[in-house]
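Trainee: Spelled out, the chains give:
Number of protein chains: 2
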Amino acid sequence: MSVTDVPGFAAAGVACGIKPGGQPDLAIVATAAGAAASAAGVFTSNKMTAAPVLVCQEHLAATGGRAAAVVLNSGNANAATGAQGMADARRMCQETAAALGVPAEHVLVCSTGLIGYPLPMGKVSDGIAAAAQSLDPRGGPHAAQAIMTTDTVPKQVFVAAEGFTVGGIAKGAAMLEPNMATMLAVLATDAAADPDALQTALRAGVANTFNALTVDGAESTNDTVLILANGQAGPVDADALIRAVADACESLALQMADDAEGSTKTVFLRVTGAASDAEAAKAARDTANCQLVKCSWYGQDPYWGRIASEMGAAGVAFDPATLTIAYGPHVVYQHGEPAHPPELAQYMTGRRLDLHVDLGMGDGAARIITTDLTHAYIDENMGTS
Amino acid sequence: MSVTDVPGFAAAGVACGIKPGGQPDLAIVATAAGAAASAAGVFTSNKMTAAPVLVCQEHLAATGGRAAAVVLNSGNANAATGAQGMADARRMCQETAAALGVPAEHVLVCSTGLIGYPLPMGKVSDGIAAAAQSLDPRGGPHAAQAIMTTDTVPKQVFVAAEGFTVGGIAKGAAMLEPNMATMLAVLATDAAADPDALQTALRAGVANTFNALTVDGAESTNDTVLILANGQAGPVDADALIRAVADACESLALQMADDAEGSTKTVFLRVTGAASDAEAAKAARDTANCQLVKCSWYGQDPYWGRIASEMGAAGVAFDPATLTIAYGPHVVYQHGEPAHPPELAQYMTGRRLDLHVDLGMGDGAARIITTDLTHAYIDENMGTS
Numbered sequence: 022m023s024v025t026d027v028p029g030f031a032a033a034g035v036a037c038g039i040k041p042g043g044q045p046d047l048a049i050v051a052t053a054a055g056a057a058a059s060a061a062g063v064f065t066s067n068k069m070t071a072a073p074v075l076v077c078q079e080h081l082a083a084t085g086g087r088a089a090a091v092v093l094n095s096g097n098a099n100a101a102t103g104a105q106g107m108a109d110a111r112r113m114c115q116e117t118a119a120a121l122g123v124p125a126e127h128v129l130v131c132s133t134g135l136i137g138y139p140l141p142m143g144k145v146s147d148g149i150a151a152a153a154q155s156l157d158p159r160g161g162p163h164a165a166q167a168i169m170t171t172d173t174v175p176k177q178v179f180v181a182a183e184g185f186t187v188g189g190i191a192k193g194a195a196m197l198e199p200n201m202a203t204m205l206a207v208l209a210t211d212a213a214a215d216p217d218a219l220q221t222a223l224r225a226g227v228a229n230t231f232n233a234l235t236v237d238g239a240e241s242t243n244d245t246v247l248i249l250a251n252g253q254a255g256p257v258d259a260d261a262l263i264r265a266v267a268d269a270c271e272s273l274a275l276q277m278a279d280d281a282e283g284s285t286k287t288v289f290l291r292v293t294g295a296a297s298d299a300e301a302a303k304a305a306r307d308t309a310n311c312q313l314v315k316c317s318w319y320g321q322d323p324y325w326g327r328i329a330s331e332m333g334a335a336g337v338a339f340d341p342a343t344l345t346i347a348y349g350p351h352v353v354y355q356h357g358e359p360a361h362p363p364e365l366a367q368y369m370t371g372r373r374l375d376l377h378v379d380l381g382m383g384d385g386a387a388r389i390i391t392t393d394l395t396h397a398y399i400d401e402n403m404g405t406s
Numbered sequence: 022m023s024v025t026d027v028p029g030f031a032a033a034g035v036a037c038g039i040k041p042g043g044q045p046d047l048a049i050v051a052t053a054a055g056a057a058a059s060a061a062g063v064f065t066s067n068k069m070t071a072a073p074v075l076v077c078q079e080h081l082a083a084t085g086g087r088a089a090a091v092v093l094n095s096g097n098a099n100a101a102t103g104a105q106g107m108a109d110a111r112r113m114c115q116e117t118a119a120a121l122g123v124p125a126e127h128v129l130v131c132s133t134g135l136i137g138y139p140l141p142m143g144k145v146s147d148g149i150a151a152a153a154q155s156l157d158p159r160g161g162p163h164a165a166q167a168i169m170t171t172d173t174v175p176k177q178v179f180v181a182a183e184g185f186t187v188g189g190i191a192k193g194a195a196m197l198e199p200n201m202a203t204m205l206a207v208l209a210t211d212a213a214a215d216p217d218a219l220q221t222a223l224r225a226g227v228a229n230t231f232n233a234l235t236v237d238g239a240e241s242t243n244d245t246v247l248i249l250a251n252g253q254a255g256p257v258d259a260d261a262l263i264r265a266v267a268d269a270c271e272s273l274a275l276q277m278a279d280d281a282e283g284s285t286k287t288v289f290l291r292v293t294g295a296a297s298d299a300e301a302a303k304a305a306r307d308t309a310n311c312q313l314v315k316c317s318w319y320g321q322d323p324y325w326g327r328i329a330s331e332m333g334a335a336g337v338a339f340d341p342a343t344l345t346i347a348y349g350p351h352v353v354y355q356h357g358e359p360a361h362p363p364e365l366a367q368y369m370t371g372r373r374l375d376l377h378v379d380l381g382m383g384d385g386a387a388r389i390i391t392t393d394l395t396h397a398y399i400d401e402n403m404g405t406s
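These protein sequences, in sequence, are chains A and B. All you need for the numbering used here is the position in the first sequence, starting with 1, plus 21. All you need for the numbering used here is the position in the second sequence, starting with 1, plus 21.
Simulated from the structure, these hints should not be mistaken for laboratory data. Because the structure is a prediction, the values reported are computed rather than measured. Please note that the accuracy of each hint is not assured.
[Stated by the list, open to error] Quick list of the computed label-pair ranges, beta carbon to beta carbon:
#, chain 1, residue 1, chain 2, residue 2, range
1, B, Arg291, A, Gly184, 58 to 64 Å
2, A, Ala228, B, His396, 33 to 39 Å
3, A, Gly255, B, Ala397, 56 to 62 Å
4, B, Glu364, A, Thr343, 38 to 44 Å
5, B, Asp217, A, Glu364, 37 to 43 Å
6, B, Ala366, A, Asp147, 30 to 36 Å
7, B, Ala397, A, Glu364, 29 to 35 Å
8, B, Asp268, A, Thr343, 27 to 33 Å
Every residue, glycine too, gets a C-beta built ideally from N, C-alpha and C.
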């Protein structure tokens, strides 16, 4: 099930030669017959904002939140590419728009891959033409494939809600961090929603999913989540839309964590009992991004000392005497004393771990989804070629 | 050359059985004949403050900055050990004081090793007795050996200034981060300085050395830098003392970076042209702690894109058009364009790398000393046994 299982959407993915290995690297997701849909986006806060992000923001502002298609490429981020990069991103929209018979401003654009190299626009143009011709109402999986970088599997989701549906595709394997990640996601829904309501639903959906996901603390130049709503299913309850969008984002975020570069563990780190939600989030993120803690997950070592030390270093309020640390149901530190539950070693062998830290101070809480740090992560990131 | 090359100091290091492998694990550094010296300290800001840190702070406050000896152990951090830990740290001071014939409050104490386990006090007591008996004016190297944890070489320094000397020993291999690190250092000088002047010199010396060193962003529960000044060389120029202490700290910090867990590169990361020193420091620290950037150093890959992306993610003011990135003398990014100097590949093979990032905004500057992220780091940190 994919983005194109939502009625009224088509997609395509082709190989146009941006990736030297010949893998698929260009995708289009579009409304049927180029109908203008409500559109909303959430973007990276990195100041080295990539050209396609800037062009998306321009187009959404110009149209007041309308779009008919998204064109995406992998293998090149079109970031730190200056004026040429802006011209290339606009040209990707123009060529897609011409092929689909829609205004250029109704096309949004995403790129992912290496930073700092100009797009090979001849290949990209050929790819856009080929993808536009092969748009298919069952093409979602092809599009999902064409946006992969170091992903080992395509990421897709489909949520059937009461009277409407939400589908999506995404990519992301490293540089995954709150305020997004090197991640792209394109969602589609047949719910009718005006652009403001859609933006509200998208922000809410991203907040506890993509924005709660960190692999390595690096925030990319290109992070983008887009949603198009074609209205075919008619008006829907606002809360139901928020829930369905959040469910779709949660599924895609988990797929990203499970496929993060070199990871062998997905860890759900929950901090409760903080003085505030902000302090809980700070403690959770610092711990999730601590290399020492990540290495211990890889080694399946439940050593709580590094976690306690990270809580201490995070600058948040707590008293060591009221700190509780548990893996799944197994308390490993409480009342100032370590515990050594016998079932713990077995628990640590799981692919997914729940880690719960209670600071014993107040009602502040946060959740972070993260991964371990492994030899394979280093192998993947020692070079860029 | 070591801490005991400073006239009027003696030291010892013995094996008392805290480390299961039988390596040296207990040290004393003391003034000759137990003379009270001026003393100052700089400590971790981690809220899980270890018992020995709290006892040092108590004793320095009670004496107004006087001490005659420091007792140190490795193999156990005496951290997160509650009331028993406080009693044990005080007892280490009392037993050292009794053996040396000085007041208990004139003894300072440091511990390093695993968090959360009570000290084996029988072994520690035997070690204190043995170390006190073997205090030697050439014993610095033995003390340096006895405070090692995952260090592969002892760290020692000796600075001969105009009319006085500064010597020291230190340990530290991971959890090295601004605001110190899992690091201990004991410095000694024969300069005469009152406790306030000594504290000022120590803070200044630590600021751009130990506090500018980060290996993995983790700040430990036990970080301590102590200095004792016995006054045998008489009064000295305040600036000369600051410079000599800073030189000693710089040498020990570099020894730590070069011996950091699994590291193959020491990287001197300088950020200039920031809107403020604080923004320069933020950008430098974030980049130094970025796993992706660290992996690229390990791979000897000069890819500037990740560095530019980190600058963008750090939340500091800059314009990508005025960003300059250089490795040593080789500019890799300037005026919005990457450069590919042919000598760069050779430069990247060096053991030490200079990385200079200029943000083109103002006069803010900062320097960080850091290391790469390697397979061996993961090997060392997968488990705690």
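Trainee: Hint numbers the structure violates, sorted upward?
Mentor: 4, 5, 8
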